[in-house]
Amino acid sequence: RKEVEQDPGPFNVPEGATVAFNCTYSNSASQSFFWYRQDCRKEPKLLMSVYSSGNEDGRFTAQLNRASQYISLLIRDSKLSDSATYLCVVRVNSGYALNFGKGTSLLVTP
Amino acid sequence: DAGVTQSPTHLIKTRGQQVTLRCSPKSGHDTVSWYQQALGQGPQFIFQYYEEEERQRGNFPDRFSGHQFPNYSSELNVNALLLGDSALYLCASSLFRQENYEQYFGPGTRLTVT
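Residue numbers (the working numbering), protein chains in the order written: chain A, 60 to 169; chain B, 108 to 221.
Bear in mind the hints are in silico, worked out from the structure with no lab data behind them. Even glycine gets a Cβ: it sits at the ideal position worked out from N, Cα and C. Heads up, some of the hints might be wrong.
The list that follows gives simulated cross-link-like pairs (lysine-lysine, PhoX-like), each with its CA atoms no further than 25 angstroms apart [claimed, not checked]:
#1 K61/A to K101/A
#2 K161/A to K101/A
#3 K138/A to K161/A
#4 K101/A to K133/B
#5 K104/A to K138/A
#6 K104/A to K61/A
#7 K104/A to K161/A
#8 K133/B to K104/A
#9 K120/B to K101/A
Quick look at which bits of chain B chain A covers, simulated, 3 or more residues with Cβ under 8 angstroms [to be verified]:
#10 139 to 148
#11 161 to 172
#12 210 to 216
From just these sequences and the hints, can you work out the full model?
Right, here's the structure in full:
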C-alpha cells in the first residue's frame, strides 16, 4: 500500500467553481503535512502547510483529520491559473524525507 | 533573495556512464535533499545532507551517492546509468531546525539516459 494516496483526476471545472481534493496517508506516525502545486514540467512549489486545526490562505483551505489519516484541500472561486497538479505530501516523525502522492490534476476552463 | 538553483537544466547520457548534478540551497538554508521524479509520478526521496553528512537515505541503490560542501551546496552522483534513471532530479533546501520542516525545490535537472 502506498504511503500517500490521492485521486489522480483529472478534475475539469469551470472558472469560479469550488473544487476539493482528498488524500489519505498510511503511517500514523506522520508529523508534517503539506500541499504542493506543480505546473507542467516545473518544480513543485509549496502551496501551504496543513495544521491540525485546519488553515486557510485566501481561496485555499486545508484540513487534517489525524484519526482518519485524511487530508483535504478546498479551492474556492477557481481561476484559470489554478490549473496544475496538486501534490499531497507527508513527513513521518522519525525522518526528514517528504513522501509525495502521485498528484491530482486540475484543469480550470473558461 | 536567491532561491534554490540547480545545474545543468538538461542532460543526455548513455547507459553505463556517470553523471554529477549540482544544487545550491536557498539563502539561509543549511540542508539539502534530493528527489527523483519519473513521468506521471510524485517525487521520490533519494537522500538528505546536513552538516556535510548523509542524514537519511531512501530506497535507492548505492549507485546514487552525494556530497555536501561547507557552503551547503550539494552534488548528486549517479554511476552506471540505466535507462530507468531517466527522470527529473529535484533538489530541495530547508532549515534543519525549523519546526514544520518546509522544503523548497529548485527547477530540477532533466536527465535522459539513452
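Going through the hints against the structure:
Straight-line distance between C-alpha atoms of K61/A and K101/A comes to about 24 angstroms, which keeps the hinted pair within the 25 angstroms bound. Restraint check: the Cα-Cα separation between K161/A and K101/A comes to about 15 angstroms, which is no more than 25 angstroms; the hinted pair holds. For a cut-off of 25 angstroms, the pair hint linking K138/A to K161/A stands: about 23 angstroms separates their Cα positions. Between K101/A and K133/B, the direct Cα distance comes to roughly 17 angstroms. Compliance with the 25 angstroms bound is thereby established for this hinted pair.
A hinted pair counts as satisfied when its Cα atoms are at most 25 angstroms apart, and K104/A with K138/A qualifies at roughly 17 angstroms. Straight-line distance between C-alpha atoms of K104/A and K61/A comes to about 22 angstroms, which keeps the hinted pair within the 25 angstroms bound. Only pairs whose Cα atoms come within 25 angstroms are accepted, and K104/A paired with K161/A is accepted, the gap being roughly 15 angstroms. Straight-line distance between C-alpha atoms of K133/B and K104/A comes to about 14 angstroms, which keeps the hinted pair within the 25 angstroms bound.
Taken as a hint, the K120/B and K101/A pair is honoured in the structure, with Cα atoms around 21 angstroms apart against an allowance of 25 angstroms. As drawn, the stretch 139 to 148 of chain B meets chain A at 4 residues by the rule of a beta-carbon pair under 8 angstroms; at three or more, the given contact holds. Coverage of the stretch 161 to 172 of chain B by chain A holds. Counting CB-CB distances below 8 angstroms, 3 residues qualify, and the rule asks for three or more. Counting residues of the stretch 210 to 216 of chain B whose CB lies closer than 8 angstroms to any CB of chain A gives 6, so the stated coverage by that chain holds, three being the minimum.
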